[in-house]
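Residues 4 to 198 (this note's numbering) make up the sequence shown, in order.
If you're looking for bench data, these hints aren't it; they were derived computationally from the structure.
Be aware that one or more of the hints could be misleading.
Distance condition first, Cα-Cα at most 30 Å in a straight line; then the derived DSBU-like pairs of lysine-lysine [to be verified]: (1) K146 / K40; (2) K160 / K114; (3) K79 / K69; (4) K69 / K160; (5) K160 / K87; (6) K114 / K87; (7) K145 / K90; (8) K90 / K160; (9) K90 / K79; (10) K92 / K40; (11) K69 / K92; (12) K69 / K40; (13) K145 / K160; (14) K87 / K40; (15) K79 / K92; (16) K114 / K69; (17) K146 / K160; (18) K69 / K87; (19) K114 / K79; (20) K90 / K40; (21) K114 / K40; (22) K146 / K92; (23) K92 / K145.
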Amino acid sequence: MLLVAFNELIKNFDNIRLLMRDFYVFGFRSRADFADKSARSYDNERRRIESWLGEYMYFRQNTGGKNCFISVDSRKIWHNPFYKALKAKSFTANDIMLHFFLLDILQPGEKFTLRQLMERLDAAYLSCFDEPVALDISTVRKKLAEYAELGLIESEKCGRELYYERSRDEVNLDAWHDAVSFFAETNQIGVVAAL
């Protein structure tokens, strides 16, 4: 019998990320400090974090209860341990495919309707696979709505149609050159600061 590794994907990663941040940045918090969460939710999320960051998670018992904290010495690690948690975020193969395909199609200055995007996806990308790949129009619509909410793309209603285009990149990186150069020479924080 073949056993497949269990892979629990998390839909709402923000809750877990905030809890990890509390354990890492603030440390020394007990369950009572998280009054906005139910005890069951707190315990479930804490157990998930323990499964990913067990070697970095510590507990201390005091009169207020058991306090949890995450302690990482960035001088002694070569990778970001928080990556294990990010891997559990619920990305599917379709999420990753759509990310690259949609952003490739939506070049700056070009607008497409959902139907036009579906036709372009099918003709330029999905038909190239050895095994046929089909995407549901509602999946693409949800991904476009998600990216519009994140600000990656913009949507504009013209008549009865909704048009999508890539958001304009208005960041002037030249203005940041000196700051980045300075930071590259002086950074002592390490990879853990990326959380």
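The hints, checked one at a time:
{"no.": "1", "hint": "K146 / K40", "in the structure": "holds, 29 Å"}
{"no.": "2", "hint": "K160 / K114", "in the structure": "holds, 11 Å"}
{"no.": "3", "hint": "K79 / K69", "in the structure": "holds, 27 Å"}
{"no.": "4", "hint": "K69 / K160", "in the structure": "violated, 54 Å"}
{"no.": "5", "hint": "K160 / K87", "in the structure": "violated, 40 Å"}
{"no.": "6", "hint": "K114 / K87", "in the structure": "violated, 37 Å"}
{"no.": "7", "hint": "K145 / K90", "in the structure": "holds, 21 Å"}
{"no.": "8", "hint": "K90 / K160", "in the structure": "violated, 36 Å"}
{"no.": "9", "hint": "K90 / K79", "in the structure": "holds, 22 Å"}
{"no.": "10", "hint": "K92 / K40", "in the structure": "holds, 20 Å"}
{"no.": "11", "hint": "K69 / K92", "in the structure": "holds, 28 Å"}
{"no.": "12", "hint": "K69 / K40", "in the structure": "holds, 17 Å"}
{"no.": "13", "hint": "K145 / K160", "in the structure": "holds, 16 Å"}
{"no.": "14", "hint": "K87 / K40", "in the structure": "holds, 23 Å"}
{"no.": "15", "hint": "K79 / K92", "in the structure": "holds, 26 Å"}
{"no.": "16", "hint": "K114 / K69", "in the structure": "violated, 55 Å"}
{"no.": "17", "hint": "K146 / K160", "in the structure": "holds, 17 Å"}
{"no.": "18", "hint": "K69 / K87", "in the structure": "holds, 24 Å"}
{"no.": "19", "hint": "K114 / K79", "in the structure": "violated, 49 Å"}
{"no.": "20", "hint": "K90 / K40", "in the structure": "holds, 24 Å"}
{"no.": "21", "hint": "K114 / K40", "in the structure": "violated, 43 Å"}
{"no.": "22", "hint": "K146 / K92", "in the structure": "holds, 16 Å"}
{"no.": "23", "hint": "K92 / K145", "in the structure": "holds, 17 Å"}
Violated hints, in rising order: 4, 5, 6, 8, 16, 19 and 21; the structure is consistent with all others.
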